[in-house]
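Trainee: Sequence:
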Amino acid sequence: MQNIVKPIETFNIQNRKYLGSKSNLLAPLLKIMIDRVGEIYSFADLFAGTGVVAEGIKKIFPDAQLVVNDILFSNYIIYQAFFGCNNIEVSVPKIYELIDKFNQVDGYYGYVSHNFGGCYFTIENAKIIDEIRDTIEEIYKKREINFKEKSILLTSLIYSIDKCANTCGQYDSYLKHLGSKSMVNGIHKIDNNVYKKLEMKYPNYAVSKNKNLIVSMDANILVEHIHTQVVYIDPPYNTRQYIDNYHILENIVKWNKPEVYGKTKKFKRDLLKSRYSQVKYAELAFRMLIKHIKAEHIFVSYNSEGLLERNEMLTILEKKGHVDIVELPYNVFGNGAGQSKKRVVTEYLFYLKCK
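Residues in the sequence shown are numbered from 1 upward in steps of one, following this note's numbering.
Derived by calculation from the structure, the hints in this document are not laboratory data.
Backbone N, C-alpha and C define an ideal beta-carbon position, used for all residues, glycine too.
Please note: incorrect hints may appear among the correct ones.
Using C-beta positions, here's what the derived DEER-type ranges look like [as the list claims (entries may be wrong)]:
| hint | residue 1 | residue 2 | range |
| --- | --- | --- | --- |
| 1 | Met288 | Ser173 | 26 to 34 Å |
| 2 | Lys355 | Lys268 | 39 to 47 Å |
| 3 | Lys197 | Ser304 | 35 to 43 Å |
| 4 | Pro28 | Lys355 | 20 to 28 Å |
No farther apart than 25 Å at their CA atoms in a straight line, the calculated lysine to any residue pairs in the SDA-like style are these [said to hold, decoys possible]:
| hint | residue 1 | residue 2 |
| --- | --- | --- |
| 5 | Lys291 | Ile325 |
| 6 | Lys197 | Leu284 |
| 7 | Lys59 | Ala295 |
| 8 | Lys257 | Glu124 |
| 9 | Lys257 | Ile243 |
| 10 | Lys201 | Ile88 |
| 11 | Lys59 | Ile226 |
Please model the entire structure based on the sequences and the hints provided.
Mentor: As structure tokens, this is what we get:
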């Protein structure tokens, strides 16, 4: 192993900005699940997002078999790094060497710097992303790294991108003040991290004892093909499409280099839009999902500001068994003009013991 110029830092699965992340609610969620179910031996997270709930289950029940799903391929890659491919050998020294090498590159002009430099990222960081992403693809095609190792490197890149992106935590749009000072007249204009050089770290994952199923598909289709003890459902609850908010990450991970459009530089993505974020389809999608689930226990997280009404969801769930509801109030912050406004919303956790 070559001499590492700088010690490689690590990161955990929850160390990213993500809409609807359950990081702050994880402890009460897990407690409620364990109180209702007891020992969990198989667990499906159908809309896994950051993956923190599946990670929490894995830490408490290391023997549990996981099914971890999300329609976004970028999330699928993250799950592969943290949960998947346990039968594939990972050369940690090799990955450390590559990360160390990537942290020293100056980058070059390419797809990312052409399309996203000067808006979502500084030109300097966009060039670095170009070189790193091209290199990962090149060494994978040459079979110098396997799929698990590629997933680890891409996951590291995703998390490092998240730290230096010129956004408010998602990529539906970018901030307009790139190049300006962080604070102007007491208003936060831009995060100082945007100007720092992109730095990759190593994901702090643990090898699972069981072979987990990592999937990227429509949850309504997936449930027709799996049977688990516990199913956890945390669907999109408003009209903000996740693919719109994370199109940059999806684009960079897939690396098909599609044409992008408009000021926000999005690619064509109609097939990745969720019915749960569409008023006319959300109720039907949820009803059909519950109907086809094969499990002993179902937990559903939903927001009091969601498209579906509490009683509407309760009616659907009660057709399959007895339902309890736990309400978890928490603070959220809506950003506007650089200033955060706090409000209280309620997270509903429905528990269904199937007949």
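Trainee: Does each hint hold? Answer for all of them.
Mentor: Here is what the structure says about each hint:
no. : hint                           : result
1   : Met288 with Ser173: 26 to 34 Å : holds, 33 Å
2   : Lys355 with Lys268: 39 to 47 Å : holds, 43 Å
3   : Lys197 with Ser304: 35 to 43 Å : holds, 41 Å
4   : Pro28 with Lys355: 20 to 28 Å  : holds, 27 Å
5   : Lys291 with Ile325             : holds, 19 Å
6   : Lys197 with Leu284             : violated, 46 Å
7   : Lys59 with Ala295              : holds, 22 Å
8   : Lys257 with Glu124             : holds, 19 Å
9   : Lys257 with Ile243             : holds, 16 Å
10  : Lys201 with Ile88              : holds, 21 Å
11  : Lys59 with Ile226              : holds, 22 Å
Consistency note: the structure conflicts with earlier hint 6 alone.
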